[in-house]
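Colleague: Sequence:
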Amino acid sequence: MRDLLKHVGKFLGQGLMWVFLLSIRWDGKTLFSYCHDVFVDNSLVQTVDSELGEVWYKLVKTAKVTFSEPLPEDLKM
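In case it helps, the numbering used here puts the sequence shown at residues 1 to 77.
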């Protein structure tokens, strides 16, 4: 039980540290805003996101068609 409380306390302490660090303002913007611009709002992430969206759409569409139509072997019974 003591180890569990130690791990939970460490996790919460690290979370608090990140909130504090990313809330620091630099030139009127928080560090979180700068990190978001660099790591999230870029063309690579947008391209990967759109490609994954298309793949997911095709996968869902294929799964619906596959599981909605009976197979010829099933119709013979």
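Since the hints were made in silico from the structure, they are not lab data.
Honestly, I wouldn't trust all of these hints.
Label pairs and their in silico Cβ distance ranges [said to hold, decoys possible]:
(1) PHE32 <-> THR66: 39 to 47 Å
(2) THR66 <-> SER23: 42 to 50 Å
(3) PHE11 <-> LEU52: 54 to 62 Å
(4) CYS35 <-> LEU4: 26 to 34 Å
(5) ASP41 <-> GLN14: 24 to 32 Å
(6) VAL48 <-> LEU16: 25 to 33 Å
(7) LYS64 <-> MET17: 44 to 52 Å
(8) LEU16 <-> GLN46: 38 to 46 Å
(9) LEU31 <-> GLY9: 20 to 28 Å
(10) VAL38 <-> MET17: 17 to 25 Å
(11) GLY9 <-> VAL60: 21 to 29 Å
(12) VAL8 <-> VAL55: 20 to 28 Å
(13) LYS61 <-> GLY15: 12 to 20 Å
Here the structure is a predicted model, which is why all the values come from computation and not from measurement.
The C-beta atom is built at its ideal place from N, Cα and C for all residues, glycine as well.
Colleague: Tell me the hint numbers this structure goes against, listed in increasing order.
Modeller: Result: hints 3, 8, 11, 12 and 13 break, sorted rising.
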